[in-house]
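Going line by line, the protein sequences match chains A and B.
Position in the first sequence (first residue = 1) + 255 = our numbering.
Position in the second sequence (first residue = 1) + 648 = our numbering.
Calculated directly from the structure, the hints in this document are not laboratory data.
Just so we're clear, the structure is a prediction, and the values are computed from it rather than from any experiment.
Some clues are possibly wrong.
[What the hints assert, rightly or not] Pair by pair, the computed Cβ-Cβ distance ranges are: (1) B:Ser734 <-> A:Glu311: 32 to 42 Å; (2) A:Gly271 <-> B:Ser734: 37 to 47 Å; (3) A:Pro263 <-> B:Gly706: 41 to 51 Å; (4) A:Lys323 <-> B:Phe717: 37 to 47 Å; (5) B:Arg657 <-> A:Glu336: 18 to 28 Å.
Even glycine gets a Cβ: it sits at the ideal position worked out from N, Cα and C.
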Amino acid sequence: EDQVTQSPEALRLQEGESSSLNCSYTVSGLRGLFWYRQDPGKGPEFLFTLYSAGEEKEKERLKATLTKKESFLHITAPKPEDSATYLCAVQDNTGGFKTIFGAGTRLFVKA
Amino acid sequence: KAGVTQTPRYLIKTRGQQVTLSCSPISGHRSVSWYQQTPGQGLQFLFEYFSETQRNKGNFPGRFSGRQFSNSRSEMNVSTLELGDSALYLCASKEMNTEAFFGQGTRLTVV
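With the hints as extra help, turn the sequences into a complete structure.
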């Protein structure tokens, strides 16, 4: 069964303190891995799609990487406005292309 | 392009009642998925519709149902509401096998 595990559950950083969020996955056949950002009471906002091991994507202070078993979301010199929940999701390549989400990592960045 | 639109944004219902939520996808997107989000369980997949057909279904009781119309708009219905159904219900639309884009959600409170 497809499974997505994110760690840590919560992460508290000082402004400027770089760190990484982890997403481990088990899927029969990976079609794509997605990262989203979610602010309280709002719908998730799409960040990145990664398709194959070794792929990297960057956007401002965020960089996502992918291996055969996990993905990392690196946050460089974070700012308080980066505080949010970051969700990882995988889509399998079997019939139906179901998307499964992890529980998320709550990031708090203090000024 | 207009984003995914969910209505209503907030809803309060009494136990035993039923409720219908609506989702208008991004123009051109034929796939619509529904998720339930609660603090304890994270994003739980309900079902996905593609071209008016249910393509995938999560592990929810039969009280949860949905449908999709020819214009790709989708509705989700929950019958015989229980207190535990209180949650943020999110709708996401996508093209064939790409990343999904979410609406702002409907906050359902069952009292």
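Problem - Hint check against the structure, violated hint numbers in rising order - result: Hint 3 contradicted; others consistent.
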